[in-house]
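**Q** Heads up: the sequence lines are chains W and E, in that order. Remember, this note's numbering sits 80 above the position in the first sequence when you count from 1. Remember, this note's numbering sits 1 above the position in the second sequence when you count from 1.
Everything labelled a hint here was simulated from the structure, so no lab data went into it. It is possible that some hints are incorrect.
Beta-carbon label-pair distances, calculated as ranges [said to hold, decoys possible]: (1) E/74 x W/405: 54 to 60 Å; (2) E/422 x W/407: 49 to 55 Å; (3) E/234 x W/355: 41 to 47 Å; (4) W/228 x E/401: 20 to 26 Å; (5) E/244 x W/407: 29 to 35 Å; (6) W/364 x E/424: 31 to 37 Å; (7) E/301 x W/407: 46 to 52 Å; (8) E/19 x W/358: 53 to 59 Å; (9) E/645 x W/173: 44 to 50 Å; (10) E/671 x W/358: 54 to 60 Å.
Mimicking DMTMM-like on lysine to aspartate or glutamate, the simulated pairs with C-alpha atoms at most 20 Å apart in a straight line are [to be verified]: (11) W/374 x E/458; (12) W/385 x E/415; (13) W/374 x E/415.
Simulated coverage check for chain E against chain W, where a stretch passes if three residues somewhere in it have a Cβ under 8 Å from a Cβ of chain W [claimed, not checked]: (14) 121-127; (15) 416-424; (16) 527-533; (17) 561-568; (18) 596-603.
Beta carbons are placed, not taken as given, at the ideal position from N, Cα and C, and that holds for glycine.
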Amino acid sequence: MDNLEELRSALLQRVEEASDLEALDTVRVQALGKKGEITQHMKTLGSLAPEERKEAGQAFNLIKQAVAEAIEVRKTTLHEAALEARLAEEKVDVSLPGRPSTIGKLHPISQTLEELVAIFGEMGFSVAEGQHIEDDFHNFTALNIPPEHPARQEFDTFYMPEKEDGSRPVLRTHTSPVQIRSMQNTTLPIRIIAPGRTFRADHDATHSPMFHQVEGLVIDEKTNMGHLKGVLIEFCRAFFGVQDLPLRFRPSYFPFTEPSAEVDIGCSRSGGQLKIGGGDDWLEILGSGMVHPKVLENCGIDSTKYQGFAFGMGIERIAMLKYGIPDLRTFYDSDLRWMKHYGFLPMEMPSMVRGL
Amino acid sequence: MKFTLNWLKDHLDTDASLEAIVEKLSLIGLEVEGVENKADELKAFKTAKVIEAVQHPNADRLRVCQVQSDEGISQVVCGAPNARTGMIGVFAPVGSYVPGIDLTLKAGNLRGEDSNGMLVSEREMGLSDEHDGIIDLPEGTEVGVLIAEVLGLDDPIIEIAITPNRGDCLGVRGVARDLAAAGMGTLKPLKVEKIEGSFDSSINWKADAAVADDVPYVAGRYFRNLKNGPSPKWLQERLLAIGLRPISTLVDITNYVSFDLGRPLHVFDADKISGNLTMRYAKEGEEFLALDEETYKLSDTMVVIGDDNGAQGLGGVMGGLETGCSDDTTNMFLEVALFDPISVAMTGRKSGILSDARYRFERTVDSQSADWGVDVATQMVLDLCGGEVSNITSAGAIPIEKRTIDLRPSRIEDLCGVAVSKEKQIEILSILGFEVSEKGDLISAVVPSWRPDVELEACLVEEILRIYGYENIPEIQMAPASYLPQGVLTLVQRRVSNARTALCWRGLDEAVTFSFVSAAQADLFGSVPDSLRVANPISTDLDTMRPSILPTLVAAAARNTDRGYADNALFEVGPQYKDDTAKGQQQMATGLRSGNIAERHWESASRVVDVFDAKGDALAALSAAGAPVENLQVFTSAPPYFHPGRSGVLGLGPKNVLAAFGELHPRVLEAMDIKGPVVAFEVFLDNIPQPKVKKGESGKIKPALELSPFQSVDRDFAFLVDDSVEAGKLVRAVKGADKSLITDVVLFDIYKGKGVEDGQKSLAITVTLQPRDKTLTDEEIEAVSQKVIAQAMKATGGTLRR
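Start from the sequences, fold in the hints, and give me the full structure.
**A** Shown next as structure tokens:
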């Protein structure tokens, strides 16, 4: 049976020598195929005696098995090698930039507005808006600012052309007309914030002829200054993200509130750097007070039965303080570099439960 | 309003420290704007004697001085021409900081001579610009005394902001009264003595009956044989401390009384007045030469003080130059008047004159001061200038009307959440000058003449609370209206917010720009009614309410391009104005793109923005804002500031437009000085229909999803159509060919060129067929295909491309 052994080693050698999967398959066909060498040999067994046939059959089967196993092993090896070669060939320069996608940024005013909504919304304030071109009554007179009141001069009002009836519309100098309209048109109790554009004829480093304000208004039968204090402390601490932010309420004067208060937050200014919270200095951020009885009456609300508070602040101002934006004028310049730097990703939609 | 600590103490008997007073002022509503204490800045500087000054051996302009201070003798090299033996100067030793030259002194050597310290000038101390020589103090000045003390600068200056209602605190005495009420000491009584005149004034007050409302009362006195000239040191120092320039004793007295007691006065040189003085309205166009040496043209609503020669004073605002007092004045006529705040405000505003008198009269001066002001002024003039005084002459009457307000003591707690005892309430009001009595449960308060701002019960509440202290108001949590916070935004507000967010996701940056633009820019974007032109614009660049957000965005893109950033993708969600009504203010989501659509990339080619970017942006905003984008039709009727062939509108019908989009017109771009193309969109958020939600339903439920188990089939078709045929027409027609089977039609290719005749184009579409009850057979697919072809040909006049 020497030639069996020869056949075996010859076939195994050819398997080993197959240089790629294609060659290996050729070897497989040549060895194990229907017309392959082993098959051919096995076809000759018929001429043998039964004993010999059985023995030779077993021997061929063993060779067949060995070759098949060798082919499998070789196949795996070649497969690995082919994969390695492919991987080597497919190498790219991963330092090249990825495929770009662009996403825009929200303006800090929008972001701040959403934060205001998130905080005051939790406290049950809904959002009221209104027209920018207002009449004298809603912007001034209803707010207890008669025509010759010295406070009127402090508003630097923009006027629109006089109408045929002699009235002269104004660009609203604050969002208070929204409060007036709410008091005139809404059923009590009222709990609103009124954010929006406001206009004053003043233009320098710290004043813009257009800016944004948010005002708050609560009217019911028992809300007092203690509630005002509670709401504003809660708001300031949530908004600025400073848990123990100190607040100071100082008496002040506004024609539309009595008593009136200005509110300062604690800050430090060491090294020319303004830091909100702690410190030994105060920074004025908003005006507030109990709605003046005359204002209530001007809106048709019985001031002997109803009372409440109002407050107002500049949206740009609190955004500048919170986010460290140094210059008011840059808010309206639409400089792409500024927008990318100070803007907010649209997925950062503020919410109290997710964190501001 | 500025005053010094010692000045305050003229009226307030107190042991309180400067710090305590300053803190309390802010807490009672007199906000401190600054405290300046020169003594702190000058504490290194003391008086010293130059016991010897000899020529420097090696320098012509220097002297070597031996300076005797309270700490011994120091050698100082000095360059001042006036350094001399025996003089008393001001010495800054080694180690002290010299503010005027921003230097901390070190021991030095100048050309071989040691120099330990410095003899300083006023400029070096930061006191003035005086630098002709070192300070030369009077002989006999003690050595080793703080210079701040010697110069009377050791009195801290406090500056407070006065709110428009507190005219009474425009005098130091008013501030002292508030502090006394707040427990910072006691208010000293005001020493006022009636001084009898010794003769009748030769000048008398007259008043036209017509001015009675605007000038209820005026009094005056004639002073003769007095001596004017520089006022005493203490008076000059006080005026200098608060930033006023001393002029002459008589003028300084008027300024002093104005700031001390809030009582403006005026002094005429009696010899320059011709006849009597009359309060009257000016004649229209009458000219007046005021103390500021300007001539003003007056109008007939302004009150003037006139003599036989004309207007010699503008009532409550400013005196006249011709009758003013000078150092040579020996006879003076004093004016103490009451002017109506509104009248003074109007005159002041029209004339544009700012003065301390106007400032006080506008904010209402204590009516009773017209009485005691005469006595105070008389005393001071006689004390400082001597001479004799006449009897008082007057016209009109001081109003005696007194306001009484009843206060429910419980009102403090009702309005402020803090309980204050009735006794405390009475105490506070009393110290503030209210005449208080109890009327049953009520406190009845007569308002003092200097507090006309106190009008109602709420004002008394404020008075009590501000003195009691806002720090005593408790923090109270507002009871929530419900256990969980409720949705606080309206549907429209949410849509606006969503549109904004969607545009950011599309890659556009949000801008916020002014609501006003220049008329020229506005006119490029539509006609603006005159009612939208600002009457008093801050500049002509901002004089028109914008008819569109585009001008401000295009201007922003132009600015960015000039800075080197030409690839703009900007939007703004904000207002545009059609007219001056509430409805005319339209809520818009408007945006633009310029330059390239994406930054250059190694692998994907960049391209210039085009109309379809803008259309995509518009649709994204519309979709986010809840518009039924599936039902929108495109019309080619965009506004004229768009390119006529590259623009369109999206609407539910030709009259019901929700958005416009397109390339901006080259003419507009040229006028706005920006290189094109610029593509833009305008979404009318107000026009998006609101979904109908049935009562009692949340409106959140979505229609059931139908998922067919049968495979869908895609079939491609290409049609040759005339070049002018809109692709949208083909897509719409094919969609309608079999509504039950065709679920989608996508245009995937437009081809012109070889194989397609001139004037024609090939439009290729994929039609998706979705069977619902069984798999489609070849015959069924063929049947639908025939319908598609028939519909397409019918709608477009084209043919199937084979």
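**Q** Need the list of violated hint numbers for this structure, in ascending order.
**A** Hints 8 and 14 are the ones this structure does not satisfy, whereas the remaining hints hold.
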